[in-house]
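*Asks:* Sequence:
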Amino acid sequence: GNGPYGPTFTLVDGRYDLGQIQVRASDSAGRYGPVGYLGALTVDTVAPTKPTLQLAFDTGVSNSDRITDNGQINVVGLESGAIWYYSTNGGASWVAGSGNSFVAPKGAYASGMIAASQADLAGNWSYAGKFDGSLTVLP
Numbered sequence: 552g553n554g555p556y557g558p559t560f561t562l563v564d565g566r567y568d569l570g571q572i573q574v575r576a577s578d579s580a581g582r583y584g585p586v587g588y589l590g591a592l593t594v595d596t597v598a599p600t601k602p603t604l605q606l607a608f609d610t611g612v613s614n615s616d617r618i619t620d621n622g623q624i625n626v627v628g629l630e631s632g633a634i635w636y637y638s639t640n641g642g643a644s645w646v647a648g649s650g651n652s653f654v655a656p657k658g659a660y661a662s663g664m665i666a667a668s669q670a671d672l673a674g675n676w677s678y679a680g681k682f683d684g685s686l687t688v689l690p
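Under my numbering, think of the first position of the sequence shown as 552, with each following residue one higher.
Treat each hint with caution, since some may be false.
Using 35 Å as the maximum straight-line C-alpha spacing, the simulated DSBU-like pairs for lysine-lysine come out as follows [said to hold, decoys possible]:
# : residue 1 : residue 2
1 : 657       : 601
2 : 681       : 601
3 : 681       : 657
Computed beta-carbon distance windows for the label pairs [claimed, not checked]:
# : residue 1 : residue 2 : range
4 : 603       : 563       : 50 to 60 Å
5 : 632       : 583       : 32 to 42 Å
6 : 678       : 561       : 23 to 33 Å
7 : 598       : 572       : 20 to 30 Å
8 : 583       : 651       : 46 to 56 Å
9 : 658       : 591       : 14 to 24 Å
Worth flagging that the hints you see were computed from the coordinates, not collected in a lab.
Please read all numbers here as calculations on a predicted model, not as lab measurements.
Glycine residues also receive a C-beta, built at the ideal position from the N, C-alpha and C atoms.
Based on the provided sequences and hints, a complete structural model is requested.
*Replies:* See the structure below:
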C-alpha cells in the first residue's frame, strides 16, 4: 500500500539475512535513487502459547486438595527469553515474574484468580494461563 512516504510493504514471518531485503526510492519523474539494504532481522507476529500454572507443593490433608502452606506456583511453558507477569486478583493488577515460579500470598483464591501471561522477544503477548481450580494458602 501507499504510506505517507510512498509505497509500503509487509514482510511475512521469518528470518531475513543482511542485504536480503533491498529498497529503492524513485521520484515522480521515474528517476531511481541508490539501493538501500536492511540489516538482518526476524519478523515474528505469532503470540506464544499461554503458560500453564501448577501448584508446586500441595501440603494439605490430601496431595490434591489444593490446600497448602506453601504458595509456590510453577509457571510452565515459558519461551526462552520471554518476559512474564502474574496476577493473584483475577487480572486487576500484574506483577513481573522472574525464573519460572512465584509465591501466591496467604489466602483463598477462586478458580481463575491466579493467572500468568508471557511476551516473546518480539513483544507478542500470550493469552493468560489460569490456575485451574480453587487454592487455599494457609498462614
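*Asks:* Confirm or reject each hint.
*Replies:* Structure-based check of each hint:
no., hint, verdict
1, 657 with 601, "holds (25 Å)"
2, 681 with 601, "holds (9 Å)"
3, 681 with 657, "holds (18 Å)"
4, 603 with 563: 50 to 60 Å, "violated (30 Å)"
5, 632 with 583: 32 to 42 Å, "holds (40 Å)"
6, 678 with 561: 23 to 33 Å, "holds (24 Å)"
7, 598 with 572: 20 to 30 Å, "holds (24 Å)"
8, 583 with 651: 46 to 56 Å, "holds (52 Å)"
9, 658 with 591: 14 to 24 Å, "violated (48 Å)"
Checked against the numbered hints above, the structure breaks hints 4, 9 and satisfies the rest.
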